[in-house]
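> In case you want the letters, here they are:
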Amino acid sequence: MRRSHLEIVITLSLALAPLSCKRAKTVHVEQTEEEGPRLASVVHLSDPKIEPQLVNGFYGIEGNAWRWTAKTFVVVLRVPAGANQRGATLDLAFTVPNVVVEKLKTVTLSAVADGHPVPPETYSQDGQFDYKRDIAPGSLPNNSVRIEFQLDKAMPPANGDLRELGVIVRSIGLEAK
Amino acid sequence: MTQETTAAARIRQALYWLTPPLVLLAVHWWCFQSWFRADDFAWLGLVNTVHSFPDLLRALFSPAAQGTIRPWSERGFFMLGMVVFGLDSLPYRILIFATAFADLALVAAIGRRLSGRPAAGFWAATFWAVNSTSTEPLGWACVYNEVMCALFLLLAFYCLLRHIETGRAGWYGLQWVVFLLGFGALELNLVYPFIAAAYTALCARKYLVRTLVMAPASLVYFVIHNAVAAPPHSGDYAMHYGGPMLHSLSVFWSWSLGPTYMETPLALTKSELRAGVAILSLALAVFLWRKIRERRYAAVFTVAWYLIVIAPVLPLSRHLTEYYPYIPAIGLCWLGGWAFAEAWRAHAAWRGVATVLAAVYGVMVLPQTVVAGEWNYDLTERSRHLVEGLAGAHERHPGKGIMLFGVDAPLFWNAIRDRSYQLVGIQHLYLTPGSEKLSGTDPSWAGVDDFAMAGAIAIRALQRDEIEVYDVRGPRLRNITSLAAAMPFDRSLPRRINPGDPLAADLLGPEWYPIDVDHRWMPRRATLKIGGPEHSGEHLYLHGYCTDEQLRGGPFTVTAAAAGVPLPPATVTSGEFELLFPLPDSAVGKPEMPVVIEVSRTAKPVGDPRALGLAFGEISVK
Chain W
1 MRRSHLEIVI TLSLALAPLS CKRAKTVHVE QTEEEGPRLA SVVHLSDPKI
51 EPQLVNGFYG IEGNAWRWTA KTFVVVLRVP AGANQRGATL DLAFTVPNVV
101 VEKLKTVTLS AVADGHPVPP ETYSQDGQFD YKRDIAPGSL PNNSVRIEFQ
151 LDKAMPPANG DLRELGVIVR SIGLEAK
Chain B
1 MTQETTAAAR IRQALYWLTP PLVLLAVHWW CFQSWFRADD FAWLGLVNTV
51 HSFPDLLRAL FSPAAQGTIR PWSERGFFML GMVVFGLDSL PYRILIFATA
101 FADLALVAAI GRRLSGRPAA GFWAATFWAV NSTSTEPLGW ACVYNEVMCA
151 LFLLLAFYCL LRHIETGRAG WYGLQWVVFL LGFGALELNL VYPFIAAAYT
201 ALCARKYLVR TLVMAPASLV YFVIHNAVAA PPHSGDYAMH YGGPMLHSLS
251 VFWSWSLGPT YMETPLALTK SELRAGVAIL SLALAVFLWR KIRERRYAAV
301 FTVAWYLIVI APVLPLSRHL TEYYPYIPAI GLCWLGGWAF AEAWRAHAAW
351 RGVATVLAAV YGVMVLPQTV VAGEWNYDLT ERSRHLVEGL AGAHERHPGK
401 GIMLFGVDAP LFWNAIRDRS YQLVGIQHLY LTPGSEKLSG TDPSWAGVDD
451 FAMAGAIAIR ALQRDEIEVY DVRGPRLRNI TSLAAAMPFD RSLPRRINPG
501 DPLAADLLGP EWYPIDVDHR WMPRRATLKI GGPEHSGEHL YLHGYCTDEQ
551 LRGGPFTVTA AAAGVPLPPA TVTSGEFELL FPLPDSAVGK PEMPVVIEVS
601 RTAKPVGDPR ALGLAFGEIS VK
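Order-wise, the sequence lines are chains W and B. Quick note on numbering: this note's numbering labels position 5 of the first sequence as 5, and the sequence is numbered without any gaps. Quick note on numbering: this note's numbering labels position 344 of the second sequence as 344, and the sequence is numbered without any gaps.
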């Protein structure tokens, strides 16, 4: 008889305690940031908050200003109002470093915006460039567009750096015409 | 004058017992502040499975994780802790460190008895307090079993020594009680009769038989344990006997005298560390040889302690874990403490040698012990921020699913895999579509498939405002739901469905019954949609449960059809089952594959009007 009482007490204590002790008091609740960002049509790669839009092929921020890319890099941008009707301009602000020209001689950059190919361009000198291309009206029917950039060559991992390196990107934007 | 002498003696006594714990606390301060991580959450969640007395017994004593049964040091520790303190880690830490302090006191008390020198006990406890192998036992709550096991082994042995000293039977009886209770802390406890036998054989021969009578208890435990939880024959925990054991011993030996994994934050190479270990090993060997020549066989016992306690883990040559030498290292600390104390009573040259050797040990282990403690602390802090942030998100959005963006491998392994979120009331947690591709890229991502949400489900859930998406990379969780809603997720259907997940409801036909807490029953026949196989030769996998009533009539048949093609039937023979149906090649590459499942027998449990077919935990294509 005593044993059954003991069993009941132990069982009730353990079974009911989780319900009765109010978890909220035993768990410290940390407030969240609810002012969430909206999808941007222009992303500055120095801003860590736009990282969710960098789908793949981008490395970490360097010099508080830019990021190295891999051979292929993908970004999602918001389609600006009116861009589907009037068309838009895609603008990739980037740098071809001297080391890339020394090792690869030339690099050719092309892009595909939601399945629509964008004309390529070849760079044979180092320096800062803007890869600007028109996106035809009717090519951007959705709220967002996935843009896949492709280089024909990239520097393979070397000297302890395990990354495949393409070019250095500062910003990517889409503006309505 | 006498009063002054007495006061000085008291202060000396106080320092004798207090210094090792204070050293331990100082060196392991990061550990003392640590929160929870990884397996801790699985044990903390165990209390939620207890709804009756049989549940309690099952939770306390049924084999879990690699077949372990540790009712005091894991199940009871975490269940009671969760009930009384919740996720406040401080009380758990106080208990862990209190146990460690008791361990240190016993190490000192036994060390002085083995050597006949009080200083030897003091230095043994101090050397052990800074040993690199102590980081995880003190900093990771689920390794508390090591700290508690040390207490049982040391206390039982202390009782034996007192029994031999005093001849009182009470100490012998107490030794038995402590020994038997020790089985509830860690399986390693079964080595105790061999420890006791080794000591009595070397130092108190007439008590040998009294220690050997404890061996059958270990044998019975071993047989029962192996019967209810057979050791695995494959994977990391498989036992490898012979040559690999010597390799294990050499690795554990170097971690016992040097830093774990032979790593240090100092600018020392592995060769220099190995040289340090070799010098200390040589010094201990020389001291041991001298003691053998003096017929002080207690010195041999310290090495026997090391070998006996390390022996059970030597076959785990593919799972060399840094804390395995934690308890064995006590033996080497006794020997080292003894050597250090004797050297200080010899002439100045020996004092110098002993001081240099102690410094070599300190330089090798201390920095790594502190840095490893800080590394552990950082991981637990990341876990804490995530879990407490999830509690905040759940409080703000009750009833909604939560999907996380930006989870990396350490955060997944330490804070998500063991379902920490269920402790703050979140039933399901998701990672962004595509996370499943991380599986196989790093061992820490093992199990990520269970959490990755399919693109089609994410799109639908976002459109219906059923989930909130948080970026976990900052100091606080940041809501990025509106941003995620604009992302072009892959629209393919999942190739893995949990019918108990409310967000998977759209993929199930209308026949299914409503969700029961975390699972969902089907009637005799049910339909669903799932992504088709990517390659030829893949299977439809069903993992589920049936009622005892269904099985009373014997095994029953489950039939299935995929993409309109009937699949060979399978048989259910147990309450929990896994079934594999080969999928037709015609289904390969189909973005959507209709599936029909039917059982040959249903059951109506008492008080439930439903005709129950099967309940599923997972339906997948693989």
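Hints were generated in silico from the structure; no laboratory data involved. It cannot be assumed that every hint is accurate.
To be verified - Once the Cα atoms are required to be at most 30 Å apart in a straight line, the calculated DSSO-like pairs of lysine-lysine come out as:
#: 1; chain 1: B; residue 1: Lys400; chain 2: W; residue 2: Lys153
#: 2; chain 1: W; residue 1: Lys71; chain 2: B; residue 2: Lys400
#: 3; chain 1: W; residue 1: Lys49; chain 2: B; residue 2: Lys437
#: 4; chain 1: W; residue 1: Lys49; chain 2: B; residue 2: Lys270
#: 5; chain 1: W; residue 1: Lys71; chain 2: W; residue 2: Lys103
#: 6; chain 1: W; residue 1: Lys132; chain 2: W; residue 2: Lys177
> Next step is simple, just say for each hint if it's right about the structure.
Structure-based check of each hint:
1. Between Lys400 (chain B) and Lys153 (chain W) the CA atoms are separated by roughly 45 Å; this puts the pair beyond 30 Å, and the hint is violated.
2. For the proposed pair Lys71 (chain W) and Lys400 (chain B), the alpha carbon gap of about 39 Å is over 30 Å, so the pair is violated.
3. Of the pairs offered as hints, the one joining Lys49 (chain W) and Lys437 (chain B) holds, with about 24 Å between alpha carbons and a cut-off of 30 Å not exceeded.
4. As the CA atoms of Lys49 (chain W) and Lys270 (chain B) are separated by approximately 41 Å, the hinted pair breaks the 30 Å bound.
5. For the suggested pair Lys71 (chain W) and Lys103 (chain W), the alpha carbons sit about 14 Å apart, so the restraint of at most 30 Å is met.
6. Distance check on the hinted pair: Lys132 (chain W) and Lys177 (chain W) sit about 13 Å apart at the alpha-carbon level, within 30 Å; holds.
Going through the hint list in order, the structure does not satisfy hints 1, 2, 4.
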